[in-house]
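Between the sequences and the hints, there should be enough to build the whole structure, so can you do that?
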Amino acid sequence: MVDLKVKLGSLELQNPVMTASGTYGYGEEYEDFVDINRLGGIVVKGTTLHPRQGNDYPRMAETPMGMLNAVGLQNVGVDRFISEIYPRIKKYRTNILVNVSGSTVEEYVETAAKINALDHIPGIELNISCPNVKEGGMAFGTSCPSTIAVTAAVREVYNKHMMVKLSPNVTNIAEIALGVESAGADSVSLINTLLGMAIDVEQRRPVLSTITGGLSGAAVKPVALRMVWQVAQAVKIPVVGMGGISNAEDAIAFMLAGASAVQIGTANFIDPKVTEKVIAGIEDYLVRHNMTSVAELKGALQA
Amino acid sequence: MKYLHDFTLVNSERQTDDFVVLTLQGGAEPLPELQPGQFAEVRVDAPGAYLRRPLSIHDVDYDKQQIKLLVQEVGTGTRALTALALGSTINMLYPLGKGYSLPDSKRVLLVGGGCGVAPLLFLGRYLKKNGITPRFLIGTRTAAGLVRLDAYRELGEVMVTTEDGSAGTKGYVIHHPVMKTETPDFDWIYTCGPEAMMRILAKYANKHGLSCQVSLENHMACGIGACLCCITPTKDGHKCTCTDGPVFDSKYLQW
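Residue numbers (the working numbering), protein chains in the order written: chain A, 510 to 812; chain B, 25 to 279.
Mixed in with the good hints there might be a few duds.
What the hints assert, rightly or not - Below are the PhoX-like pairs computed for lysine-lysine, each with C-alpha atoms no more than 25 Å apart in a straight line: (1) 745/A with 514/A; (2) 26/B with 786/A; (3) 122/B with 204/B; (4) 227/B with 600/A; (5) 26/B with 782/A; (6) 130/B with 26/B; (7) 275/B with 204/B; (8) 782/A with 122/B; (9) 26/B with 599/A.
It is worth saying that the hints were derived from the structure and are not from the lab.
Structure below.
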């Protein structure tokens with residue numbers, strides 16, 4: 510019998526497998542395929558103070574072993590999340606984290622404060638790294654001073670688990686992670702999507718309405734793994750790894766690189782049951798390697 | 025309820041240079057009830073095809089537990105599907121989306137362009153079962169692009185337009201005599217095909233006070249309303265083609 514439990518600060522996960530924001534809706538979309546209660550946690554759709562229509566169509570382009578998206582944080586806004594969606598999903602016996610985004614520090618703060626009042630939401634994931642919105646989003650996460658400012662400001666109003674999602678579109682991600690840690694983050698999650706682009710050469714036009722978009726899927730895994738390894742070496746707070754994880758082997762690699770837990774995103778589109786398979790695969794691996802606890806994997810890279 | 029089922033490819037019939045009909049055999053569990061206009065996200069295990077491919081249900085045989093897909097070879101993924109050997113396993117996420125609804129009139133016209141004919145066979149069968157005789161208007165570039173006309177003819181009258189005049193009326197579907205009368209002899213239009221064609225039909229329907237249900241083919245990733253990639257602007261803002269559609273009342277869209 511192996512122990513899959515993971516502690517991320519105040520969060521207790523029954524296993525290290527969470528789902529990534531923007532790929533899992535509010536969990537309900539996957540109810541026909543997965544017992545949501547068996548997941549380590551779900552991070553629900555990026556939520557902002559005001560409703561957002563998001564970007565124009567087309568918002569998606571398939572790429573070799575991956576995809577670009579330019580959704581642009583389409584969401585109903587925090588008030589409708591609280592009045593309509595939260596009552597439906599609070600039944601889940603897993604960690605529900607809300608991904609919080611905004612255009613100004615004040616918007617982040619106000620949104621986080623409203624979510625702080627929800628009993629069944631034990632944490633937020635601060636999204637300072639969305640590449641698809643003009644103002645805010647990634648603009649916060651790519652410079653150290655603005656990252657520290659928004660993290661510190663939300664910390665003042667938010668007293669549960671605060672995970673901060675980092676952008677890979679930076680020169681030195683470990684430096685940003687250290688800044689976020691010093692500003693009071695309880696954990697960091699990485700990576701958000703890599704800024705990319707696709708062109709329809711017949712039409713001589715960009716494929717996405719926004720020209721550039723965020724790259725995700727298996728194609729980004731080596732980059733994500735490297736960044737998780739660098740950040741895990743730099744910070745003391747737990748690291749949650751993501752970026753192209755498609756199977757148990759991928760998830761284990763992220764934990765060996767120093768992640769305490771993982772998030773699965775784009776792979777859910779290809780196999781809606783992938784999360785359950787990854788959980789089972791991690792368990793098999795631990796048995797096969799005579800390990801008793803998933804915690805033994807963290808940073809066990811023999812380099 | 026949506027399912028993730030493995031099917032076995034039991035027949036693969038090439039129709040034209042780029043259209044193939046795949047017959048998929050279900051497994052132990054009976055098929056769920058499918059609505060015409062609904063689609064499946066088909067897993068493709070091929071290099072260069074990362075995401076599933078959304079394909080509409082072309083035909084269903086509940087007794088044999090078979091589903092037919094009409095696949096147009098447009099890229100790596102669809103070509104990988106049509107190249108599969110008989111006996112191959114094909115994983116499908118289905119049934120997805122909202123399909124066509126029954127009309128409040130018996131006078132219906134089903135208009136398909138290109139690959140858009142795919143869901144109209146299943147729709148025609150469904151209408152017939154409900155006591156409504158379907159009439160089809162099918163538009164293609166040339167006569168060589170016409171697919172399975174006999175199957176459509178078994179259900180009702182089939183009218184054809186081709187851009188080069190090699191079969192039926194020369195021109196687009198809107199140029200067919202059935203669209204030219206002062207008072208149309210149909211009250212409902214069901215359509216699937218290129219968006220430009222469907223927009224013209226929607227305008228025609230508005231002008232004549234007809235109902236018009238269109239099926240969109242927006243690019244999508246998840247197929248279940250999670251990723252929000254396939255949106256279309258509607259009277260109520262952006263809606264997902266995969267869950268709020270793919271079939272919409274044309275008046276609901278911002279066309």
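Verification of the supplied hints:
no.	hint	result
1	745/A with 514/A	holds, 19 Å
2	26/B with 786/A	holds, 19 Å
3	122/B with 204/B	violated, 31 Å
4	227/B with 600/A	violated, 46 Å
5	26/B with 782/A	holds, 12 Å
6	130/B with 26/B	violated, 31 Å
7	275/B with 204/B	holds, 22 Å
8	782/A with 122/B	holds, 23 Å
9	26/B with 599/A	holds, 22 Å
In this structure, the hints that do not hold are numbers 3, 4, 6, in rising order.
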